[in-house]
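Colleague: Whenever a hint applies, use it, and build me the whole structure from the sequences.
Next come the chains, spelled out residue by residue.
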Amino acid sequence: MPLVLTEEQELLREQARGFLDDEAPLAALRKLRDANNATGFSRDLWKEMAELGWAGILVEEKFGGADFGFVGAGVLAEEMGRTLSASPFLSTSILAATALRKFATAAHKEEHLPRISAGDLVMALAVDEGSKHGPAKTALKAEKSGNAFKLSGSKSFVADGHVADKVIVAARSAGAPGETEGLTLFLVDAVAKGLRRERTMMVDSRNAARLEFDNVEATGDAVIGEVNGGYQALEGVLSAGRAGLAAEMSGAAQQAFKMTVDYLKVRKQFGKPVGSFQALQHRAAHLYTEIELMKSVVLKALQDLDENFGMAAVTCSLAKAKAGEVAKLASQEAVQMHGGIGMTDEFDIGFYMKRIRVAQEMFGDFAFHADRIARLRGY
Amino acid sequence: MSNLEEFRAETRRWLEANCPREMREDLRGEEDICWGGRNWKFKSEAQKLWLERMAAKGWTTPAWPKGYGGGGLSKEETKVLKSEMRRINARSPLESFGIWMLGPALLKYGTHEQKAHFLPAIVRGEIRWCQGYSEPNAGSDLASLATKCEDKGEHWLVTGQKIWTSYADESDWIFCLVRTDPKATKHNGISFLLFDMASPGVSTKPIKLISGKSPFCETFFDNVEVPKIHGDGVSAIVGEPNRGWDVAKYLLTHEREMIGGGGGGLMAGRGIGEVAVGDIGLEDGKLADPMLRAKITAAEIDGWAFLLTLERMKDEAKAGQGVGANSSMLKYYGTEMNKRRYELMMDSGGSDALEWEGKRSNDGKLAKMWLRTKANSIEGGTSEIQLNIIAKRILELPDA
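Heads up: the sequence lines are chains D and L, in that order. 355 is the number of the first residue of the first sequence in the working numbering; add one for each residue after it. 7 is the number of the first residue of the second sequence in the working numbering; add one for each residue after it.
Be a bit skeptical, because a hint or two may be false.
[Stated by the list, open to error] Across the chosen pairs, the derived CB separations fall in these ranges:
id, chain 1, residue 1, chain 2, residue 2, range
1, L, Leu-215, D, Met-555, 53 to 63 Å
2, D, Asp-568, L, Gln-327, 24 to 34 Å
3, D, Gly-664, L, Glu-349, 43 to 53 Å
4, L, Asp-405, D, Lys-416, 51 to 61 Å
5, L, Glu-280, D, Met-697, 41 to 51 Å
6, D, Lys-401, L, Ala-325, 31 to 41 Å
Hints in this document: simulated from the structure, not taken from any laboratory. Where is the CB? At the ideal position from N, CA and C, for every residue including glycine.
Modeller: Shown next as structure tokens:
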């Protein structure tokens, strides 16, 4: 498949850009933050996005979705990255929709996917327990009790976990932390008995949650994928999430870069635009090159998810690793090249640096994915 | 069967019957490359036969028009031919600056007479060309070149000096940038001149490089008389007189793409990680040197991303999108990447990689290649020049 967008995907991009510029520009995120909004996003806006088909972008048409594939989802994530629009798109429309569509029972699909498409159901994925990503490290216990399981333990950095209606949680039903065998994914109600959640407002003004499970009951029906064999499903879902985050970072980095280059052309010092100085030109040109590389790996990962979902893990790791590094560079250069104004809260560029830092960490930073790639390549 | 499949089957049969066994073995080194030219001494009968057979079909330049000796193949057919050649590990029958650089420039800017006169000799490997661009005082600032070219009525009179002329001492003809109008602004007085290196007054002197090799020369022109017309109405100047800079720039784009493409080699064949495992070994399934492992992984990630970018640029060009100045980006990143790759292989090889002579190191092959890569980010426009071009043409940042 050629590494370019199809006409349909280009149209989606145009539509998304127009809508987000009008309805969810960066000022909207600033407003949510300044109001200390407890939800962290606008439910009305999410409903409108659902009407455009975005909430169900990965959902089959028979469940009310747009069925646009991962490249389509990535296009939306990238555009949301440009405007830093807050919504449960990643948690619900990428992570949960992928988990349900690819690994859940027919009953789960019929029950949840239409509500996701309609924007009526917010879901979250709970994986990590420590401060660094590591799905195999999962320790949250799932103990068999009759036909059901009892879940005990804690989760952190659960995006939108503070407002989700349902949570997909990775639990250890066998083996020991560090092993990929013995994991099971459960779909639990966010208001289930014994589940306590704490909103954790993050540096990027978006929300995550810490979840405490104290003998939370999950029936056998609540399992997504296979009992003790949940790692494979989890990896599939995480691959989609990583590619989605990479796309979002790509959009954020491109926007930060554009703002910076525009600024270099107008800001004058020593009687000249600062963009005429070679010290800055070379750094900007280098960054341009890195951004082009990032765009290539992101598109490749998304295409791989569409074409061969089971084999996409490596390029999704590649995309997450590379996009994280490039977006970080873009945000750092953006602040530095803006000078003092880049440090002010009033100016927007700082929001990009903050969001990129969070997206970079989520579901594995550069070191995590570089290590995976090295292992997969035999060294 | 589609036409393309038919073409593949035919090509496969033809290659099977016509590519000598010896030409299907890996190159042992640069000495196995066939450059052609008037003074070329074939390394073997097989090398000669292979060139003659491929040239007769025009397949040394498969995409060039048939009328000028090329193969007349479409892009798709050219791809098929290349993949079929790779399938049997066939060597390239001919490499030359004529194929890579002058040919594309002539196809775009040359007259019919120039094409008909020069291109077939390039296809057959009869004339070996060199490139007269850089001068001692015109490197990165190429357009400040000063080699004088005076109009003497019947002929041009060329006086001056070129430097970094690749293989000038082995070449038959030169495509050369000369100043035909010293009064015009620097970009507007340059012409693109073709002449015979055997002309009286031309002399060359190889420059020994840090790698111990001498691929480059100093080239001197002492009152060289260049006929204005070579044979039947073939002008010695390509394009308009004093408009040679346009031709020069176009040709540089081809050169950059060629040099930059080398960085893609990072993921081709044996990766650095694989090389390092051979050198250092594994411990608990990981390269035994964890710090080197981290550096190699970072480089392989960038190399892979670069390769995908080459692919994307090709796909965009096919779809009619893309930016022309992107060749600067590919040249910049590809050459820096290649240097990084060799630095890591030197790190991995340790003291073994430092041996300069003897069988064990294949006469210092790795060390010499490592040193050679240092020129990648200088030749064809330095990395800094490429960054200037990106800043100016793509980002449209203001001039200093």
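Colleague: Against which earlier hints does the structure fall short, listed by number upward?
Modeller: 2, 3
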